[in-house]
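Since chain A is already given, all that's left is putting chain B on it; use the hints.
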Amino acid sequence: MVEFFTNNLATIITAIVVFALVAAAVVKIVRDKIRHKSSCGCGCANCPISGSCNKKNTDDQPV
Amino acid sequence: MEIKIALAGNPNSGKTTMFNDLTGSAQYVGNWPGVTVEKKEGRLKGHKNIIIQDLPGIYSLSPYSLEEVVARGYLVNEKPDAIINIVDGTNIERNLYLTTQLVELGIPVIIALNMIDIVRKNGDIINIAKLAEALGCEVIETSALKGIGSTEVAERAAELAEKKVAAHMPSVFDGSVEHAIAHIEESIEDKVSARYLRWYAIKLFERDEKVIDELKLDPELLSHLEEHIAACEAEMDDDAESIITNQRYAYISRIVSISVVKKRKAKYSTSDKIDRIVTNRVLALPIFAAVMFIVYYLSITTIGDIVTGFTNDTLFGSWIMGPLTAWFAQIGVAAWLANLIVDGIIGGVGAVLGFVPQMLLLFFLLSILEDIGYMARVAFIMDRIFRKFGLSGKSFIPMLIGSGCSVPGIMASRTIENERDRRMTIMTTSFIPCGAKMPIVALIAGAIFNGAWWVAPIAYFIGVAAVITSGVIIKKTKPFAGNPAPFVMELPAYHIPSSTNVLRSTWERGWSFIRRAGTIILAASVFIWFASSFSFSGGLHMVENMDHSMLATAGNVIAPIFAPLGFGTWQSSVATIMGLMAKEEVVGVFGVLYGVAGDALKMVDSGALSGLSPIASHFTALSAFSFLLFNLLCAPCFAAMGAIRREMNSAKWTWAAIGYLSVFAYAVSLIVNQLGLLIGGHGFTGGTAAALIVLAALLWLLLRRNPYEQAQHLAAQATK
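Same order as they appear, the protein sequences are chains A and B.
Numbering of the first sequence is given in the numbering used here, commencing with residue 1 and proceeding in unit increments.
Numbering of the second sequence is given in the numbering used here, commencing with residue 1001 and proceeding in unit increments.
Excised from the complex, chain A in its bound form (with noise of 0.2 Å):
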């Protein structure tokens, strides 16, 4: 066991950075879903009507 974590040491802490990146990744996704954060690639301050949106989206309402 500790030969196979000695031998591959390098693929162990490798594969572990790049899972918390994903992961980071993931996470960042679906906490600005649950957050109504739109993915649309110019940000809200570009949105002539963010107040509405955010105003909204913390009802939970349509907008």
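Since the hints were derived computationally from the structure, they do not count as laboratory data.
Note that the structure is a prediction, hence the values are computed from the model and not measured.
Incorrect hints may have been included.
No farther apart than 25 Å at their CA atoms in a straight line, the calculated lysine to any residue pairs in the SDA-like style are these [as the list claims (entries may be wrong)]:
#1 A:Lys33 / B:Trp1511
#2 A:Lys33 / B:Ala1523
#3 A:Lys28 / B:Ile1514
#4 A:Lys28 / B:Leu1337
#5 A:Lys33 / B:Ala1651
Partial list, computed: chain A residues near chain B (C-beta under 10 Å) [unchecked claim]:
#6 Asn7
#7 Asn8
#8 Ala10
#9 Thr11
#10 Ile13
#11 Ala15
#12 Val18
#13 Leu21
#14 Val22
#15 Ala24
#16 Asp32
Okay, the calculated beta carbon distance ranges per label pair [what the hints assert, rightly or not]:
#17 A:Leu9 / B:Gly1518: 22 to 30 Å
#18 B:Ala1656 / A:Ala24: 32 to 40 Å
#19 B:Lys1130 / A:Ile34: 50 to 58 Å
#20 A:Ile34 / B:Lys1210: 33 to 41 Å
#21 A:Asn8 / B:His1541: 16 to 24 Å
#22 A:Ile34 / B:Ala1230: 54 to 62 Å
#23 B:Lys1210 / A:Val18: 55 to 63 Å
#24 A:Glu3 / B:Ala1329: 15 to 23 Å
#25 A:Asn8 / B:Asn1545: 24 to 32 Å
#26 B:Asn1556 / A:Val18: 24 to 32 Å
#27 B:Ala1621 / A:Leu9: 43 to 51 Å
#28 B:Arg1043 / A:Asn8: 52 to 60 Å
Here a beta-carbon is modelled for each residue, glycine too, at the ideal position from N, C-alpha and C.
Chain B only, in chain A's frame:
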């Protein structure tokens, strides 16, 4: 105690610029009217108890548009503690109309005489003491763009709010009107608070339906009020609303005559002179085409191409991917993991990130055009064209916003009052290529068309042509029949672009693009790598050849659908489907499946496209163009579909919109590919026959007589 201060003023008078200056926010500022449709809130810098609220730009407190309804509803019902009325000093007569209404609200009002730097530059003199005396409220000179006077006006407004010093009501109306208003005030004084009495009385005099409904006056009282109004109308020989409007303007003329000295001006201002060329009946369109051509040419083909070439070739290709592969081998990372990181993650995310320089340059140039005021002219120019095809210029504003991202573009369609026009705009906005589609354009232009100069501009004009064509087709259907709503838009004066506005807008859009690469694109790239490296057949195992992967199996099921369009490979089919997650993922998929991150531009440089490029080997120029067309015009990403669903507020209309976009894209790509093949000497096939039938159907839909035109004409006659 919290103090709420509302910023109210005409469209494009600088409210959002002042809001950003006061609160340190980074709200979007556009040099065209209608940028803000809902109120936005922030706290005054250094004063946590003072809330600044940015209202939509309005010309009056009459509920003629959504913006006016929002602003009026807020001012009357939510009652801010003070109002900063932002008055554009260069257009003082028109701006003061709203001022005369705001001071009637009984809320402390302070006037920010904005754009004072331009007033001075023009040589005009405004006597603020006389102006303040005539309007019954304090006036402070400001230049929101240069940060002059903004804080002073906000702090003074807060003082007035604390002391509850309302503006002194100026005597705006003639004796007989005041007489009638006094009677109305007397009749409703037990129904509204004393603070709002005059405002409600004037609105009742104008027979404002919303106010009548709100106060729920009994018919007897209403009939009593009507007697006073009718008597006044008979005396003045005009209708009540016109009497109020005319007398307000007469009052404003008197104020301006005593407080404003305008330097004798040439007949035409600099903006007028530029507009004589830029909005000229003949020159406007060629100039617009040339401007957009230069924007897309610079950002995608020349400067953008050089910077993206460096990012793809040198940064990702030479500096990251190569050394990283060697390093992984050196430290003993398993081959599959190295492959996942280098080909999967860096290949996918890098392929998208490689286009960031081009995106930033495109957004930078578009922001400059917006900030100098040219885009407002484009809406005006497009109105003339759109109107002929059933849309109004108002539809162009959402499309303009949609060139950054379709989601806010679709949502901006709310400014269109006419339900038919609004639905039509929602359906067609995503035809305009958004920022995320630009990497697809750049990739195809670079890898297939030798970086040809015409590919990027043509993508934009294909979008505009699709909007116009759809306008003609849809307008001839029953749910959309009817004349487009009139479009009135003030053209702002041209000005030198503000570096803050331009850089903020560029960064906002660019950063979102980068952020998505780190989330959706990263996750999707890992999925694509996994699905293209493993197979389920005979148990889960890694495959040497992608053609045997589970992704290839799934892609091959869908591929026949796209075969008539010329890109019936599993890779292109998967890329198109994954594009529904985010349009730039089309490039991400190619990045993983073809490893384009470091290759596409090298191939272009070497000129050996067909032999070396895995992309080029899957496409001909014709099929690549068809692929580009389909991906530009088909259903947008899921985020934009969600926006369509919210704005349509109907599942039926949402599916109709998505269905229309997909069918239209399929039809256009089919025609282009099949007729292209015919012209290219590939013979007449079943596909050619299908394309000819679709073309005939499309032409019939375009050219047929509008079956509802006569009904509209008769309805219009009947109204007259």
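So, going through the hints one by one against the coordinates:
1. For the given pair, Lys33 of chain A sits about 19 Å from Trp1511 of chain B by alpha-carbon distance, which is consistent with the 25 Å threshold.
2. The straight-line distance between the Cα atoms of Lys33 of chain A and Ala1523 of chain B is roughly 15 Å, inside the 25 Å bound, and the hint therefore holds.
3. Pair hint Lys28 of chain A plus Ile1514 of chain B holds up; C-alpha atoms about 14 Å apart against a cutoff of 25 Å.
4. Proximity of Lys28 of chain A to Leu1337 of chain B is assessed by CA-CA distance (about 23 Å); at most 25 Å being required, the pair is judged to hold.
5. Straight-line distance between C-alpha atoms of Lys33 of chain A and Ala1651 of chain B comes to about 20 Å, which keeps the hinted pair within the 25 Å bound.
6. The criterion of a C-beta within 10 Å of any C-beta in chain B is met by Asn7 of chain A, whose closest approach is roughly 8 Å, and the hint holds.
7. The interface hint given for Asn8 of chain A holds, since its Cβ lies 7 Å from the closest Cβ of chain B, which is under the 10 Å cut-off.
8. For Ala10 of chain A, the interface hint holds, since its Cβ comes within 10 Å of a Cβ in chain B; the closest pair sits about 4 Å apart.
9. For Thr11 of chain A, the shortest C-beta to C-beta distance to chain B is roughly 4 Å, which falls under 10 Å, so the interface hint holds.
10. Using the Cβ-Cβ criterion of 10 Å, the hint placing Ile13 of chain A at the interface with chain B is satisfied: the shortest such distance is roughly 9 Å.
11. Because the closest C-beta pair between Ala15 of chain A and chain B is about 6 Å apart, less than 10 Å, the hint holds.
12. The beta carbon of Val18 of chain A comes within 6 Å of a beta carbon in chain B, closer than 10 Å, and the hint placing it at the interface holds.
13. Taken as an interface hint, Leu21 of chain A checks out: its beta carbon lies about 7 Å from the nearest beta carbon of chain B, inside 10 Å.
14. Contact between Val22 of chain A and chain B, as hinted, is supported at the beta carbon level, the nearest pair being about 5 Å apart and thus within 10 Å.
15. Given hint, Ala24 of chain A at the interface with chain B, holds; its Cβ is 9 Å from that chain's nearest Cβ, closer than 10 Å.
16. Given the 10 Å rule on beta carbons, the hint for Asp32 of chain A holds: about 8 Å separates it from the nearest Cβ of chain B.
17. For the hinted restraint 22 to 30 Å between Leu9 of chain A and Gly1518 of chain B, the CB-CB distance of approximately 27 Å keeps it satisfied.
18. A hinted range of 32 to 40 Å holds for the C-beta pair Ala1656 of chain B and Ala24 of chain A, which are about 38 Å apart.
19. Between Lys1130 of chain B and Ile34 of chain A the CB atoms are about 57 Å apart, so this pair conforms to the stated range of 50 to 58 Å.
20. The beta-carbon spacing between Ile34 of chain A and Lys1210 of chain B, approximately 37 Å, falls within the hinted interval of 33 to 41 Å.
21. In this structure, Asn8 of chain A and His1541 of chain B meet the distance hint of 16 to 24 Å, their C-beta atoms being roughly 20 Å apart.
22. In this structure the hint that Ile34 of chain A and Ala1230 of chain B lie 54 to 62 Å apart at CB holds, the actual value being about 58 Å.
23. At about 59 Å, the beta-carbon gap between Lys1210 of chain B and Val18 of chain A stays in the expected band of 55 to 63 Å.
24. A beta carbon spacing of about 21 Å between Glu3 of chain A and Ala1329 of chain B agrees with the range 15 to 23 Å that was offered as a hint.
25. Range check, Asn8 of chain A to Asn1545 of chain B: about 26 Å between beta-carbon atoms, so the 24 to 32 Å window is met.
26. Range check, Asn1556 of chain B to Val18 of chain A: about 29 Å between beta-carbon atoms, so the 24 to 32 Å window is met.
27. A hinted range of 43 to 51 Å for the beta carbons of Ala1621 of chain B and Leu9 of chain A is consistent with their spacing of about 50 Å.
28. Distance hint check for Arg1043 of chain B and Asn8 of chain A: the Cβ-Cβ separation is about 54 Å, which falls inside the suggested range of 52 to 60 Å.
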